[in-house]
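> For reference, the chains in residue letters:
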Amino acid sequence: MKQLLNQNPKILLISALLLGALFILPLVVTSPALMQIFILIILYAYFTSTWNFVGGFAGVLPLGHSAFIGIGAYTSTVLFQTFGISPWLGMIVGGLLAAMMGVVIGLPTLKLRGAYFALATIAVGEGVRVLVENVKQVGPLMINGPSGISIKLTENSFSAFQFDSKLPYYYIILAMLLIVLLLTYFMMNSKIGYYLAAGGEEPEAAEALGIKVSRYRLIAMAISCFLAGLGGTFYAQLMLYIYPKSILGLDLSFEIAFIALIGGRGTILGPVLGALLLRPVSELTRIYFGSMLPGLHLVIFGLILIVVMRYYPKGLVEPVKILLNKLFINRLGKQGGPDGTDSAEKAD
Amino acid sequence: MKMFKQLVVPVVALAMLAGSFGFAQAAPDTVKIGNIIPLSGPSASVGIQGKQAREMAVEEINSAGGIKSLGGAKLELLFADSKGDPTVGVTEAERMINSEKVHLLTGCWNSAVTYPTTQVAERYGIPFIVPVSVRDTITERGFKNVFRIAAKDGWWAKDQFVFLDDMKKEFNVDIKKVAFVYENGDWGVGFAEKWVDLAKERGYEVVLNEPYPSTASDLTPVVIKLKRAKPDVVFMTSNAADAILLTNTMAEMKVNVKAIISSGGGHADPSFLAAAGQNAEYLFDIVEWEADLNRPGLKETNDKYKKLYGHNLNGESVDAYAAMYVIKEALEQAGSNDPEALRKTLSEIQVCGGKVGLLAYDCIDFDESGQNKNASLVIVQTRTKGKEMDRITVWPKNVRRAGYTPVFPQPEK
Amino acid sequence: MLGIIEALINGILMGSIYGLTAVGLTLIFGVMKVINFAHGSILMVGMFAAYWFVILTGWNPYFAIPVVVPLLFWFGYYMQSFIIKPIFEAEKDVREPITVIIVTTGIWYVLDNLALMIFGAEFRVAKTSVTGQVFEFYEMYFLLPKVIGAGITMVCGIYLYWFLKHSRMGKAIRATSLDREAASLMGIKQAKIYNVAFGLGSACCGMAACVLIPFYYVYPTVGVPFDIKAFIIVVLGGLGSIPGAILGGIIVGIIENVGAQFMAATWTELLLYGVFLFVLLVKPSGLFGQKHDY
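Protein chains in written order, with our numbering: chain C, 24 to 371; chain Y, 200 to 612; chain S, 184 to 477.
Just so you know, the hints here were simulated from the structure itself, not pulled from any lab data.
These numbers come from a predicted model, not from an experiment.
In silico PhoX-like links for lysine-lysine, alpha-carbon gap of 25 Å or less: (1) Y:429 / Y:376; (2) S:310 / Y:586; (3) Y:231 / Y:343; (4) Y:596 / Y:572; (5) C:175 / C:159; (6) Y:393 / Y:429; (7) Y:506 / Y:584; (8) Y:429 / Y:368; (9) C:134 / S:216; (10) C:134 / S:466; (11) Y:586 / Y:612; (12) Y:367 / Y:429; (13) S:466 / C:235; (14) C:159 / Y:357; (15) S:372 / S:216; (16) Y:273 / Y:231; (17) Y:612 / S:310; (18) Y:453 / S:310; (19) C:159 / Y:399; (20) Y:393 / Y:367; (21) Y:453 / Y:586; (22) Y:584 / S:310; (23) S:310 / Y:505; (24) Y:543 / Y:572; (25) Y:343 / C:175; (26) C:159 / Y:393; (27) Y:393 / C:175; (28) S:216 / S:466.
Pulled from the structure, derived: some chain Y residues nowhere near chain C, Cβ distances all over 12 Å: (29) 228; (30) 493; (31) 502; (32) 503; (33) 603.
Positions of the beta carbon are idealized from the N, C-alpha and C atoms, including for glycine.
Excised from the complex, chain C in its bound form:
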């Protein structure tokens, strides 16, 4: 906590302003459809931040994160449908299951290098989806195979995690995002964070220095999967319907990776920035062009990926950092201190 308060006051000011803006946003935005979009933006920022623990700091590229999101979603939903257990409790169980699964998968795969790890995670993600689609029920637990599960509707109820208004969903996911961002911050400034960064690109060199890279990677993996599982429950409760092809699909895993890379992986604000940019872009292009000329919106989306990667290979965090420096921290020059945005360099 002390570290946090030792920040440059201007950075704190910007963060506080941003936070304040997010908290009062629902006062300005009243349309439920627009609220839904903002909730999804924050949810994707959350998913990407959980991904960041592995994909950002451990120097590997996971492309199967939907598996852990799906495990969280399915666990809480199945527990609620079968035993009436509150999704809040199911969320924790789901997170723990996802973390366990993450460790089981991480143990052997985290030793692999870039491409192998990426492909292994794709196989895990797809494997989980195929498994779920093939299973109708396990004992009393209805999985429903490819049809997915439609969550029983209840009245407006906190314990059942169902609300008529979008507002509670908004604040819940906002709080979840803040927690995960704080966790990211503390991890980056902890021993684990430094070790992960050291082992990111050259694990052999770090191992030679006596850092047990794979052990720290495993810890990062467990945290990441646990948090992703929690997000999965939120996703399920927001949509009240889980469908294996979308919650366990490759598309979701890829979108998370896109957001991370476009925003700036291995930084605190990268995922938020990426989600703020990519989500509205994909929604807008779909709304404006989706019905005009089928496929055009995805062409535009692909072009944006290519162009951003071409000019900002470290993600949009870079130009934003420069911009913020110009606007606010001019006098202090480039000595921004260990704030979130500077960490891009640290992670490399």
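Given the coordinates of chain C, assemble chains Y and S onto it according to the supplied hints.
Frame of chain C; chains Y and S shown alone:
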């Protein structure tokens, strides 16, 4: 300058987003119909056909003077691409209702999308017309705003077996062994569950019950298995890509069965017949509608459609086409575009003949659950006709194309 | 029993064709250390090219090879040099540039959806003189175009293997894939090598496309299932190894075909991922990979 761009682009993008959600208002003299259908992704082919059918119908209605009881109000179509993904469908439904202020919704073809999307419409009290999405439970949740025109999967599966009974009687052929081959999605699995029960009731032996992944790149192993199981009749539920693969591979490997009965969808897709060609000879397919039905005005409408878009209408696009005329009729009768008034009118409406009469059903008449009571089905047989393939209606017998005798069982290859 | 033999042989035939697409992927990876996610889309481009060739000329589909294969080589060569190279250079000190992976994914989206815009979503089949021809053998049926396809794969594999071992360009490619810096110190122009590798990888897709067209259909996202299979295959065979890719393809084909005789086809998909993970864990270098790479 660079800084300017960095600031301005996101701001403009956000403003556009806000604009698209916040300020869209319906002009007083139009009725807005939101359509959530798959325009990209694996079901794009059928989604695009649905869009074309809707556009043609609305163009006709508007050029004929719009809705007379609303002072000639025009219909306005808004399309949203669901990509076949339920979460996108839900988000789009929220946007259509809250931002575009649509008066009615239609869609979504993929049952998995229709199911949660209709839930959104129910919550906001916006009437939702489902031209075709077969999952039974869509109209079995006690919703008041959901109206389905086509039959539900229980009816489809049952009619396939009734058809088989009738054929056995008519041609005096004995059928003992049946095989089920279906895509491992919502749709295929839903059919297969019904088939298993129906086969049990009728005492058939199920020699193969085989789901396959709908994204499979090779279905040869399934066909080898099917051939070795030696069924008399094969029931299939396939999307277009797998329908093509299965039909071609079965012909090449000379799988001999007495009949193949498919379930519309991929087998009714115009590109299926073009791609499978003569390999689809003798195939029986169950559909809501067929171009050779003896209905007034059908030929002209189909010719017009073919001229505009290059292919025939099919069951699914006719359902979408008829949905627009049901909406027109409801608006005329309600004399209002208020969703609640429309809902009430739709729940009582009975539309017969006219453009709606292009369907295989005599009337559209929704029961309490919102299911069209009269949704009937026909079975067609595919035959070679010159260079093209022709789909000939054979069942029920009273609508069978004059002078045609179905080929049952199909000759050995 | 005959069913299993039939499935086995069909698995080998179809598997070789999977292998051919995987050869392209493995070649690109071996040199650039980049997984090309646009690989399936390049196959799709090849298939549309071969389709239109057959439809417009009405000739034997294998006559498309001398047109489509160079076309795809050119396509891959320039795609690398215009789109991928600048991004690759920005990250050239990183051993496995992740941004390039994302860029290839962007290319995948663009190509597939451009095809949707231009050709529409329908499925197209080219009826050719070999379409539907079968060999019959003790009630077992084998498709002629698949047999030809497997033969072509073998020829391509042997040719590429020879090319890499003995030609000047091949040696330069191998040197670059072993050690980028050392190779460029030896005077090998990296950029050119990357272009050629990408071109060759795409040309393999072009060849696979010509082989597929006589018995397959084409539509905008036809490449996706092949893409995911190719990823599995290259890891089975060892990233960077050409014999490995072909053998891996055959193994995948066999698992798919023979496996389905004992379980529902949906479970063979899972079996495939299981075998894949097992190989990754037990022998991450795959059947023929270099230990250096994982």
